Amino acid sequence: MNGESEQGGISHKAVDLFVAGAIMALASLVMYDSQRIGAKWAFDGPQAGYFPFYVGLIMFMASLVTFSLALVSKKSRRVFVDSARFRSVLAIFVPSAVYIGGIYLLGIYVASTIFLSFFMRVHGGYRVQTIAPVALGVPAFLFILFEKWFLVPLPKGPVEALFGY
Amino acid sequence: MQIRSHTIASLLAPAAVLAAGVVAGTPALAAWEPTKPIEFIIPAGTGGGADQMARMLQGVVEKHKLSKQPLIVINKAGGAGAEGFLDVKNSKGNPHKIIITLSNLFTTPLATSVPFNWKDLTPVAMLALDEFILWVNAEAPYKSAGEFVAAVKAGEAGKFKMGGTGSKQEDQIITVWIEQITGAKFTYVPYKGGGEVATQLVGKHVDSTVNNPIEAVAQWRAGALRPLCVFDAKRIDLKDKITATMSWNDIPTCKDSGLNIEYLMLRGIFMPAGVTADQTNFYIDLFKKVRATPEWADFMKIGAFNTTFMSGKEYRDWVEKAEVTHKDLMTKAGFLAK
Amino acid sequence: MAESLEALFHGFAVAMTFKNVGFMLIGILLGVLIGVLPGLGGANGVAILLPLTFSMEPTSAIIMLSCIYWGALFGGAITSVLFNIPGEPWSVATTFDGYPMARDGRAGEALTAAFTSSFFGALVAVLVITFLAPLVAKFALRFGPPEFFAVYFLTFCSFVGMSKEPPAKTVASMMLGFALAAVGLDTVTGQPRMIFGVYEMIRGFDFLIAVIGLFGIGEILLTMEEGLSFKGVSAKINARVVWQTWKELPKYWATSLRGALVGCWMGITPGGATPASFMSYGLAKRFSKDGPQFGTGKIEGVVAPETAAHAAGTSALLPMLTLGIPGSPTAAVLLGGLLIWGLQPGPLLFVEHKDFVWGLIASIYLGNIVGLIIVLTTVPWWAAILRIPFSIIGPVIIVICAIGAFTVHNAMLDVAMMLFFGVIGYAFKKLNYPLAPLVLALVLGDMAESAFRQSMIVSKGSIAIFWSNGLVGGIMGLALILLLWPLIAGAKNKLIPKRT
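Residue numbers (my numbering), protein chains in the order written: chain A, 1 to 165; chain B, 1001 to 1338; chain C, 2001 to 2500.
Calculated from the structure, these hints are not laboratory results.
Be aware that a few hints might be false.
Claimed, not checked - 25 Å max Cα-Cα, derived PhoX-like pairs, lysine-lysine:
id: 1; chain 1: A; residue 1: Lys-148; chain 2: B; residue 2: Lys-1036
id: 2; chain 1: B; residue 1: Lys-1321; chain 2: B; residue 2: Lys-1234
id: 3; chain 1: C; residue 1: Lys-2429; chain 2: C; residue 2: Lys-2164
id: 4; chain 1: A; residue 1: Lys-40; chain 2: B; residue 2: Lys-1161
id: 5; chain 1: B; residue 1: Lys-1192; chain 2: A; residue 2: Lys-40
id: 6; chain 1: C; residue 1: Lys-2251; chain 2: C; residue 2: Lys-2289
Bear in mind the structure is a predicted one, so any value in this text is a computation, not a measurement.
Can you build the whole structure from these sequences, using the hints too?
In structure tokens:
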């Protein structure tokens, strides 16, 4: 999984350092907030911040080890993900992020239809005859399942509002 | 089968409304009616007291066709109910959303400083009040609240353990209240739910609880728990025998046992702010109809609820007073968020 | 014993009516659907349908609702195996070996093993309910805060110390899980923790949202990186896979039995199905001769968690019926249902409503048999989903994950959070951070911490409470033995040289 190829891409070392650093930052936040609410052992046992504080401390130390190991690592040419592969990861990540943003604006059903059509068209190269049943059918089925049977309201937008939902 | 017929009914409902409107010709005079499913928020988890009542309401409305649009129950329990209240606060002017409350309407904002207040909501109606009862294990020697309190005072401070639901919520408030007026000192142990608390008392992991009737009645009937007194102004008005020898009515009030404490929990309905009087009236009317059903009456009996109903100004005043009481109690107990 | 049998036969007569069998079928089918969809768990599913049963006769109503629960228990395994997305929290451990099996083209085998083990677990649990109910119910009463903590500690100890990943990364990952579990309102003091003024965070990080993101979305990102296809989908899927798998399963009788016992214990005490599945998986890994290969697609790694989860889910009904305490969130909802139908759960239910109780118990037998037949016949179809090209199924999975994340709390923030967890899952997997300890810590952290602090309140800060009686001391001792097991096993190997 860890491609050792030497083409361009993101360096494994950089990502390793970044993640370890991020965890250390997070651990500091955890420790800071735990201190605020009390991280001592009171007369009736630990305070609210006692466990989180030590959790944060251990997390910090563990990541410090990872960070140091990564820093002295010799495998500096190792690639986390090469450019071509990274592009294909982005190819699904970016539309997914846009899709989730779209749910806010359009509601989940319309956004899903657009997302499914886009993905099938661009990545599968399907024709409209194949896309339409899936892109319309899946949201329609989910609509009946959630809104009608289970009575679980999912996010809806202007289009559903037109039909009185 | 059940599901299918339900689906068809709800599909046809809007059509029926339309048809009725066309026939009548003048729908303008008609009172406000919901035009889409009503979201019914529960600021507590599935299976708890508020959840049971809300799902019961949903079932009654469904069975007697009291509303053309279904009620959709949604649990938003996070942060001691803050999640649910914030949702309703942020739905200003939405007439298709209602929320059922527990005492956490008052206690959560005070204890956590999460920014909401009942004034961010529109009071609709009080459905009932939930009683609190002081329970001990049936094998404990105490026969009355007086004997029990005396024993707590006689023992070393904190020797007696009081189990309750949550922290800085109604159960702990009552506990602190007892401590304040009697000078007894408990160790309060917070648990996640009322049923769990009752079982812990049966297993003798705690010495007493202030469970709601519905949470402890099964254990009482089985002879595992003993009620000492009820935290209300008068006895519960239900004279049917629950155990071989006792009815709810046989439980003395705490006041008569020397514990001058009255505490009842609101089971009421609120709407978001900014709704019209017409819209509020629809719900008041709906809950009046619900109260008239035999199922509701049975449910009130099983849970030994105080069945006071209020709406309008009377309800608003009650809520206002309850808020003051809670603020006062929580200040004295030192539960306010710093 | 004879009395129980007689009552049970009467129960079968109640449950076997045409109408009740019909409700059973509907319940199972809906349950499988609910189990398959992540987010909409068994508890929600039952709660959602509860009002519909309002006008039904109580026995029929609980038969239908409990069958939804069995269905959800079966269904939870499906997406775990096929897409690495646990449909239910207790299916997380099933992904560890189930998903690798599917990637090797053995999805049918993994599903058959999962369903059959679930059935076996339920069967053992319902036998316990039938014959040992009064005895076992009293046992549950002995569990106070220290005992609960000991059980969570045991779960934890049976699972840790098995990672092949760098130790510093394993520790960091586990601590991250604990930290996430601590976010939100602290149950013991009622203080908000680590919300940094963002009030929407007060409800905390839900386990399911993290899991859908880390496992489901993370896996999709990895799949994309590897070029748009699920590996090994070309394998043939035939209807005979059920028989072939069945021939193999008896070999793992010890794992199944252990899983069922762990499950019953955890359901009754009530520790819950999710810890049960992790504990059973951890124990199987430790005691199986194939232990070191767990995680690469061993059928035993599917058998262990599924047996335990279903046994725990089923036996969780016992404390509900006899004591009125729910052993699981779903049992809590059913408990509410009993009240709505005018029945009082608790010690007298067995006496006053014989028809109801024994009808329900009989329906557990029947419902699980019906459920097993339904899910097994659909195995080839489920497995065939993997043949759908990724450019169609990929986005459909993302849509379902988004809905799943939303339905947990009806919150959009959770959907965005899910995507974020997806990125973490992807990065962690590539950097050799193990995900299992994170998930275990996230699911156990909150419960273990409250139980520990409740114990401390009771004991006024003395740790000695964890050795204060035989029960809690025994569980703690067992936990410590398991924690130190690698050392003990190592010493044993040195003392007793292996025969060649």
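Quick rundown of the hints versus the structure:
1. Between A:Lys-148 and B:Lys-1036 the CA atoms are separated by roughly 12 Å; this keeps the pair inside 25 Å, and the hint holds.
2. Taking the CA atoms of B:Lys-1321 and B:Lys-1234, the gap is near 19 Å; set against the 25 Å cutoff, the hint holds.
3. Between C:Lys-2429 and C:Lys-2164, the direct Cα distance comes to roughly 13 Å. Compliance with the 25 Å bound is thereby established for this hinted pair.
4. At most 25 Å may separate the alpha-carbon atoms for a hinted pair to count; A:Lys-40 and B:Lys-1161 meet this at roughly 23 Å.
5. A threshold of 25 Å between alpha carbons decides the hint, and for B:Lys-1192 with A:Lys-40 the separation of about 24 Å falls inside it, so the pair holds.
6. At roughly 12 Å between alpha-carbon atoms, C:Lys-2251 and C:Lys-2289 fall within 25 Å of each other, so this suggested pair holds.
Consistency with the previously given hints is maintained throughout, with no hint failing.
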